[in-house]
Amino acid sequence: MEYLSKQRYDEIVAELRHLTGVVYPKVKEELAEASAQGDRSDNAGYREARRIQGKTISRIRFLQKILEHSRVIDPDVLPKDRVSLLSKVEFTNLSTNTRMNFQIVSPHEMDLEAGKISLKSPIGAALMGKKVGEIAEVRVPSGTLRLRIESITLD
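Quick note on numbering: the working numbering labels position 78 of the sequence shown as 78, and the sequence is numbered without any gaps.
Hints may contain errors.
To be verified - The calculated lysine to aspartate or glutamate pairs, modelled on EDC-like cross-linking and capped at a C-alpha distance of 16 angstroms, are:
| no. | residue 1 | residue 2 |
| --- | --- | --- |
| 1 | K88 | E150 |
| 2 | K80 | D155 |
| 3 | K88 | D111 |
| 4 | K55 | E15 |
| 5 | K88 | E68 |
| 6 | K120 | E137 |
| 7 | K116 | D155 |
| 8 | K130 | D81 |
| 9 | K55 | D81 |
| 10 | K6 | D155 |
| 11 | K6 | E68 |
| 12 | K26 | E48 |
| 13 | K80 | E68 |
| 14 | K80 | E134 |
| 15 | K28 | D42 |
| 16 | K131 | D74 |
| 17 | K116 | D81 |
| 18 | K80 | E150 |
| 19 | K131 | D81 |
| 20 | K65 | E150 |
| 21 | K120 | E2 |
| 22 | K131 | E150 |
| 23 | K65 | E30 |
| 24 | K130 | E150 |
| 25 | K65 | E11 |
| 26 | K130 | E113 |
| 27 | K130 | E90 |
| 28 | K65 | E113 |
| 29 | K6 | E48 |
| 30 | K88 | D155 |
| 31 | K6 | D81 |
These are computed hints drawn from the structure, not numbers from a lab.
Starting from the given sequences, assemble the full structure and let the hints guide the process.
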């Protein structure tokens with residue numbers, strides 16, 4: 001079971017509707033046109049249309065599986081005093097005295113450029129359940145990071 005924010009759930013539903021309602025019908029049409037051109041064994045257009053059809057079907061099935069095995073998390077039931085899913089965490093790397101801000105999200109929402117890390121990543125997993133002032137130790141390939149939690153907010 002995976003938990004998603006309402007925003008990410010809505011994005012997945014919208015993408016799935018677009019794929020099934022717009023993209024896939026167009027792919028089927030292109031495949032039928034390429035198929036009508038004759039010998040399929042020597043038809044690059046047909047092979048390309050089949051490849052695109054396969055990718056589209058694969059993406060549709062992937063999104064359906066995410067929705068089937070996910071639940072939208074209610075932010076009102078999440079703890080406000082410790083790190084949990086959807087928490088925005090400011091912490092200091094005690095080795096370099098560098099401050100960082102990340103939001104803890106499900107793996108399907110992870111986006112480092114947007115400051116979102118997965119709760120299953122080493123840093124996300126180490127921060128989960130910690131309170132302000134506590135130190136999380138994270139094992140990474142270069143050693144162990146010590147991260148002090150400075151603040152926790154939940155939007």
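For each hint, the structure was consulted:
no., hint, result
1, K88 x E150, "holds, 11 angstroms"
2, K80 x D155, "holds, 10 angstroms"
3, K88 x D111, "holds, 14 angstroms"
4, K55 x E15, "holds, 14 angstroms"
5, K88 x E68, "violated, 27 angstroms"
6, K120 x E137, "holds, 15 angstroms"
7, K116 x D155, "holds, 13 angstroms"
8, K130 x D81, "holds, 9 angstroms"
9, K55 x D81, "violated, 43 angstroms"
10, K6 x D155, "holds, 12 angstroms"
11, K6 x E68, "holds, 15 angstroms"
12, K26 x E48, "holds, 14 angstroms"
13, K80 x E68, "violated, 28 angstroms"
14, K80 x E134, "holds, 15 angstroms"
15, K28 x D42, "violated, 19 angstroms"
16, K131 x D74, "violated, 20 angstroms"
17, K116 x D81, "violated, 19 angstroms"
18, K80 x E150, "holds, 14 angstroms"
19, K131 x D81, "holds, 6 angstroms"
20, K65 x E150, "violated, 37 angstroms"
21, K120 x E2, "holds, 11 angstroms"
22, K131 x E150, "holds, 9 angstroms"
23, K65 x E30, "violated, 26 angstroms"
24, K130 x E150, "holds, 11 angstroms"
25, K65 x E11, "holds, 15 angstroms"
26, K130 x E113, "violated, 24 angstroms"
27, K130 x E90, "holds, 12 angstroms"
28, K65 x E113, "violated, 26 angstroms"
29, K6 x E48, "violated, 36 angstroms"
30, K88 x D155, "holds, 8 angstroms"
31, K6 x D81, "violated, 22 angstroms"
Figure legend: structure checked against the earlier numbered hints; hints not met, in rising order: 5, 9, 13, 15, 16, 17, 20, 23, 26, 28, 29, 31.
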